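Got chain A; can you put chain B on it based on the hints?
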Amino acid sequence: MTNTVVGKSIPRVDGIDKVTGRAKYTGDLKFAGMVHAAIARSSFPRARIDVIHADDVRQRPDVIAVLTAEQVPPRLYGTFIEDQPVLAHGEARYQGEPTAVVIARSHEDAVGGAADLEIDWDPLPALTTIDQALSADAPPVHAEQGSEGVPWLAREGASSRNCCHTFAREHGDVDRALASATHVFEDTFEVPALQAFPLERYECIALWDGSELTIWSATQSPFIVRRDLARLFDLHLHRVNVVAPLIGGGFGAKLYTKIEPIGAACAFAVPGRPVKLSLSANESALTITQHAARVRLTTGVSADGLIVARDCLSLFNTGAYADAGARVADKGGYRAPGPYRIDNVRSRSCAVYTNLPPAGAYRGFGAPQVVWAYESQMDVIAERLSMSPLELRQRNILHRGEHFSPDDTPLDCDLPASLTVVREHMHGASTVPPDESGPWRVGEGYAVGLKDGGGQRTASNAEVRLEEDGSATVLVGSTEIGQGMLTVFAQLVAEELQLEIEHVRVALPDTRRAPYDSGTNASRTLTLVGSAVVMAARQIREQLIDAFRDLYEVPPGAQAVLRHGALSAGQVTASVDEVIRRGSLLRGGQLIGTGYFRTKAADNVLGGMTAFWEPGVAGAQVRVDTETGSVQILHYVSILDVGRAINPKLCEGQDIGAAVMGMGAALCERLEFEGGQLLNASLVDYRLPTFAELPERFETVLIENGDGPGPHGARGIGEGSILPVAAALGNAIAAATGARVYNLPMTPEVIWRAMREAAAAEGSNTSVVPEVK
Amino acid sequence: MNRVSERRRIRCKVNGHDIDREVPVTQLLVDFIREDLNLTGTKRSCDVQVCGVCTVLVDGRPVSACTYLAFEADGAEIQTIEGLASGSELHPIQQAFLDENATQCGYCTPGMILATKSLLEDDAQPNRERIRDYLKGNLCRCTGYQPILSAVVLASERIRHD
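Quick mapping for you: the protein sequence lines, in order, are chains A and B. The opening position of the first sequence corresponds to residue 1 in the working numbering, with each subsequent residue numbered one higher. The opening position of the second sequence corresponds to residue 1 in the working numbering, with each subsequent residue numbered one higher.
Keep in mind the hints are simulated off the structure, nothing from the lab. None of these values were measured; they are calculated from a predicted model. Worth double-checking, as some hints may not be accurate.
[Claimed, not checked] Here are the computed lysine-lysine pairs in the DSS-like style, where the Cα-Cα straight-line distance is at most 30 Å:
hint : chain 1 : residue 1 : chain 2 : residue 2
1    : B       : Lys13     : A       : Lys649
2    : A       : Lys30     : B       : Lys13
3    : B       : Lys136    : B       : Lys13
4    : A       : Lys24     : A       : Lys649
5    : B       : Lys136    : A       : Lys649
6    : A       : Lys24     : A       : Lys600
7    : B       : Lys13     : A       : Lys24
8    : A       : Lys30     : A       : Lys8
Chain A on its own, in the form it takes in the complex (with noise of 0.2 Å):
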């Protein structure tokens, strides 16, 4: 029988599916009498509609049904704010809004029949960026939004009418420690919007059959799908089943309500009949983005190089509808003071309207942007004042035990000792000096992000139950994006009932079957809905125990313990197996157990407390080309504090699979707008990261404390290792180079640029190569 499980980079539970195409996801599903949609678009950023002629379309043979506004819920959805239309009602706010929907018996008339819609469209001026949004003579682009003006916006000469949601925390007296610092550093750094691209579009397909409305999506949230669903459509919750299959990647971009509203609106138009809807990888562009956002910050260190005052203000371009991007602005103002000890800190945030296509959530969620700006310029601080910038972060580093901010749960991670780790591996007994010879210059750079992590006020349940035979099913509302989220909750089962892993199987989510959870977001999986798997595997444990005290009459003073697959008291043992077999608690067929769990509210900024703390520290040392400033990654280290590491492989997938998709991040990637039109939705000319960007040499260095709040003391992980990556390539390039790059990424023009300026500003601009060093 088994021992322990926990601990062991088993292989992923779904993987042989995955490896042979057995694996199915959304869009593989078939049933019969399927029909197919697809949907009609905006073509400008900001436009009245004035006539849709669907008539020619609707009479097509193979065409069933065109549904514009008229015919869906008018009631807006939106899981912070409800402001999204299911199809543009009147106005369309941003180039690609769906304004019209073809139901037709073939996915390729479906998309010919949205394609020849002619609609009449009466262009208004758009506005695309944060600064077109707040100036004082823009048009709101929610007309009903934003009457009350924001006084601190207003301060800074800017308008409230798009604004769409702030955010503001502060302690300490900021104004007077800034007033009085020996150093006050005001550097404004720029991210700009990206797509998270996961190689899985947006798919789902909707079936309602008189009485229930079924829908199989590709996304993160099925409670929330459901939610949105129900107060649209108008149904008691358990009328609508929200099944997610195994899905092609997240990253966040499938977090919340996305084009289930549009699918269920087909369903109810074709009652009896599964509609497919499946959009285009430009049309996945066009659903959701990370937020462009300017962060500014106003830092003031002591001679000593203590950070003594620190004031934050971080826009966030949230486009057309505000999706998360509310909670993205509260989460990114609130994370942008960084993981410093500083007593006097002020931090606002501003979710902006724009006729641009809606922002959402993203890997890290507010985060990066933030962490982009204030490890830069820690690193503008250090050379500033002549100090090593590992010296300037432990000096400021928040210390395990101490606050973030001080009505939040203290900091559970050791940030000191991940600094010094990482700095010991990127100087590891391996290290071969780099070839700096020709255009070559080499610099390594460091950064260090910090989130609070699990989100707050958040529920998660589990279910377990023991079958007569000993195995073992799991129900959870949590989703499998890759993360492994399948294999470490049989992990975590088999080890408290002490079964074979292959006895236990993790149920991928129905909301009909699955107990509630609140979404798969925020690196809390594991952290939370674990922890209601424990708990319920350890019910069952405990019937278990009660069950063996009965069959074997086991004296009632005599401890009982389930340990390596054996019952036992005193001289009398049993197998679990055995006592299964025997019991007669299974007479009914099953034990259940169930466990809860969810995190403390709190009369906080965020409304709750932090469950966990979720670090991303990293070191790299870069390559670059002064010739035409390409950059060559050499060795990147990335430190993750797992608390424990419940498959250590698992963990590194998660690492370095953060780790790259900031390197597309840092270097690469940006969504362009010209007048609010996508110029780079597709991939021929958006650049994500392939094969040959991998850093030449990757570590991961797990720290396991076991200081988690989860099961075995784990730490949520898969966001933190994104934090640090733009920051560390970009600090290693300016120590490579001498150039400071402030907006991603760091493409090499723009480093080719920044080198040139550094070199006029020193006074050799003569040369046609910027001389450095």
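Then chain B, alone, in the frame of chain A:
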């Protein structure tokens, strides 16, 4: 509406099975495989021959099925991910992907494995540079590529030592 309705007969072998069908001349190979043959292991994503998730082998060469017309496969031998394992025994490349955690969400995996098969048939012992160069037409958003690199090396070792 200006739709081409011409159809052509194609005879080909898919995973060793003889196929004889009529297909519209405009049909893409990826749709023929996924919809007509119901072999959904082949995925589609970017539609512009960049991401590689629709990679299948046509006469042993990796091809993006999203930009390849079905009728062009007339007379060809096609291999999809479903044709790789023999019964319940995984192909060494599949086993190596499993052992190295080279699959996360799994969406790139079928194409990545088929591209790897083509690479290892061309070069039984590719070095790191060759692997990186050969597979750069297959994107993965989850793994950061390193585990895939390890899996390719492991598979090449196992195949050579078998």
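Hints, verified against the model:
With a C-alpha separation of about 38 Å, the suggested pair Lys13(B) and Lys649(A) falls outside the 30 Å cut-off, and the hint is violated. Between Lys30(A) and Lys13(B), the direct Cα distance comes to roughly 24 Å. Compliance with the 30 Å bound is thereby established for this hinted pair. With a C-alpha separation of about 28 Å, the suggested pair Lys136(B) and Lys13(B) falls inside the 30 Å cut-off, and the hint holds. The hinted pair formed by Lys24(A) and Lys649(A) meets the criterion: a straight-line CA distance of about 24 Å does not exceed 30 Å.
For the hint pairing Lys136(B) with Lys649(A), the CA-to-CA distance comes to about 24 Å; that is within 30 Å, so the pair holds. A hinted pair counts as satisfied when its Cα atoms are at most 30 Å apart, and Lys24(A) with Lys600(A) does not qualify at roughly 37 Å. Between the alpha carbons of Lys13(B) and Lys24(A) the distance comes to roughly 24 Å, so the proposed pair stays at or under 30 Å and holds. Taking the CA atoms of Lys30(A) and Lys8(A), the gap is near 37 Å; set against the 30 Å cutoff, the hint is violated.
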